[in-house]
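**Student:** The primary structure of each chain is shown beneath.
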Amino acid sequence: MRSLYPTVAPEETHPEWIPLLELATREVFELMLSSRLTTPASNVAFMVEKPEITAMVGLAGRLCGVLSINCDHKSAALVISKMLGVNPENADPQLSDAMGEIANMVAGNFKNKVAGLGDDCMLSTPTVITGGDYSLHSLGDSVRLEVRLLFDSRPVTVTLQVHS
Amino acid sequence: MNNITALIVDDSSVMRKIVERSLRQAGIELKQVLEASNGAEALAAVKENSIDLILCDINMPVMDGLEFIKQLARVDKAKGVPVVMITTEGSEAHVVQALSSGAKGYIRKPFTPDQVKEHVIPVLAAKV
Chain D
1 MRSLYPTVAP EETHPEWIPL LELATREVFE LMLSSRLTTP ASNVAFMVEK PEITAMVGLA
61 GRLCGVLSIN CDHKSAALVI SKMLGVNPEN ADPQLSDAMG EIANMVAGNF KNKVAGLGDD
121 CMLSTPTVIT GGDYSLHSLG DSVRLEVRLL FDSRPVTVTL QVHS
Chain W
1 MNNITALIVD DSSVMRKIVE RSLRQAGIEL KQVLEASNGA EALAAVKENS IDLILCDINM
61 PVMDGLEFIK QLARVDKAKG VPVVMITTEG SEAHVVQALS SGAKGYIRKP FTPDQVKEHV
121 IPVLAAKV
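Protein sequence lines, in the order shown, are assigned to chains D and W.
Going by this note's numbering, the first sequence opens with residue 1, and the numbers climb by one from there.
Going by this note's numbering, the second sequence opens with residue 1, and the numbers climb by one from there.
Isolated chain W (complex conformation) (with noise of 0.2 Å):
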């Protein structure tokens, strides 16, 4: 897992520190980290980066995590990009509605290193 490029998209910039640190706790060698604090910046990041992660929450302010990934389906740029929701909305109806979107992840908050590395890992072998 060398030289990712991952987006970390939260609306708390100490949360989008804390899922950075959590990335290479868990082994992942990060060549760049790209922060947006909602789905539309995210978007944008998408369209202007070519970028091999990302981490998004849903509770978001401008456009939500579920939009997002959404939206993201339509941008050719992000085909096989994996998305894995990082969110305190652990209910089941949550998760079915973000996997369904495409999401191929999904960590509730609060949350340790390892089930980072946990859901991380395998998204990121199986797009190898």
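For reference, chain D alone in the conformation it holds in the complex (with noise of 0.2 Å):
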């Protein structure tokens, strides 16, 4: 029986799904905070902290995987602070629930832009983990695109792990 939705399987992954992800995360930062994400020279600034907070959303239907954004604690107080307006020492209370809209605007934004995929791809409300001494195991096959980006030069970086 042929599924009502075919799958992206990870081979058919594109390697221009990486710009577009870049992009999508992009605009939610220059809309939504008024701030421009910048390329790290290198990857040097990614080795020095460890991800302390990390929103997740699922996609389900014709493709199939888990988009999720890694900050440090400071990343997401500015991000709230850039949102609302709010002092960053204010922002633990809302720190959960915006990282959260951040992971699912991005995610809702990546798929709007990836070619027949909006109308056929439903979105999970987001998951969102404090700390960062855990491991993520996803069980079956996978591919995972990443995009490091700068914001405010502390690294933030979005990754999509797309399951068969």
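Bear in mind the hints are in silico, worked out from the structure with no lab data behind them.
Be aware that one or more of the hints could be misleading.
Said to hold, decoys possible - Here are the computed distance ranges between Cβ atoms for each label pair:
| id | chain 1 | residue 1 | chain 2 | residue 2 | range |
| --- | --- | --- | --- | --- | --- |
| 1 | D | Ser142 | W | Lys31 | 48 to 54 Å |
| 2 | D | Pro15 | W | Thr112 | 40 to 46 Å |
| 3 | D | Ala41 | W | Arg74 | 57 to 63 Å |
| 4 | D | His137 | W | Asn2 | 52 to 58 Å |
| 5 | W | Asn3 | D | Val86 | 26 to 32 Å |
| 6 | D | Pro93 | W | Lys70 | 29 to 35 Å |
| 7 | D | Asp119 | W | Asn2 | 35 to 41 Å |
| 8 | W | Lys31 | D | Glu30 | 29 to 35 Å |
| 9 | W | Ala45 | D | Asp119 | 29 to 35 Å |
Yeah, the Cβ is synthetic: ideal placement off N, Cα and C, and Gly gets one too.
Assembly of the complex is requested from the two constituent chains, each provided in isolation within its own frame, with the hints serving as guidance.
**Tutor:** Laid out in structure tokens, this is it:
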């Protein structure tokens, strides 16, 4: 029996999705935070600090996978500060909500940029993990697309794990 | 656009605040802002209050935005109250579904205050 939504298998994942993922992320930060993300000169900056906040959104339908955004606590506080105009020191109560919404918008913006995906791909409610001492295991074949950017000189990583 | 009572429906409290700020930046004078985190809460708010404008997300727990506008059509008190969807769901199918269910406007997240102004002002002007 054929699936209602023929899925995008990992081996079909095109490299042109990486610039779309980057563009989707940049647009969210520019429109919602009035912040321009920059490209790191090297990967060194990403080795310095552990991600402390991970916001994840599941995708189901033609594309199955998980989009996640990782950053440190200071970056997440700055996200809220710029979104709501509050002091970063008072941002904690809304940290999960804001980072979940950022991940949701990046995932939605990304799928709307991939031709044919918008109608046949649903997004889950966001999940946010605080703390960096964990391992994430995907049970099944998957391909990992990753975009590394700097937000106010601090690393932000956006990952799309595409499942078969 | 004075003395507007707006109902903002989104499961994210951060997004509800951003939408409220965008309305104010659009020059809309808000008499009152009511908030709901899903369609069911929004329906209850509509029945208990006199609302001029509803801004509603689609993907929400309990009752999503599309089901909300369907049920809203059966509420006498909500007749003529414009609904503008604000959502990450940007596909053509979702836009068509929302507009055919009674939504008067559709804003895709991420958005700018100018986009909110562009979509909401004409909807409020048409209501007056």
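**Student:** Against each hint, give a clear statement of whether it holds in the structure.
**Tutor:** Evaluated hints:
1. Ser142(D) <-> Lys31(W): 48 to 54 Å: Taking Cβ atoms as reference, Ser142(D) and Lys31(W) lie about 51 Å apart, which means the hint holds.
2. Pro15(D) <-> Thr112(W): 40 to 46 Å: 30 Å, violated
3. Ala41(D) <-> Arg74(W): 57 to 63 Å: Distance hint for Ala41(D), Arg74(W) holds at roughly 59 Å.
4. His137(D) <-> Asn2(W): 52 to 58 Å: 56 Å, holds
5. Asn3(W) <-> Val86(D): 26 to 32 Å: At roughly 27 Å between Cβ atoms, Val86(D) and Asn3(W) fall inside 26 to 32 Å, so the hint holds.
6. Pro93(D) <-> Lys70(W): 29 to 35 Å: 34 Å, holds
7. Asp119(D) <-> Asn2(W): 35 to 41 Å: Because 40 Å falls inside the window, the suggested range holds.
8. Lys31(W) <-> Glu30(D): 29 to 35 Å: Holds, since Lys31(W) and Glu30(D) (Cβ atoms, about 32 Å apart) stay within the stated range.
9. Ala45(W) <-> Asp119(D): 29 to 35 Å: 31 Å, holds
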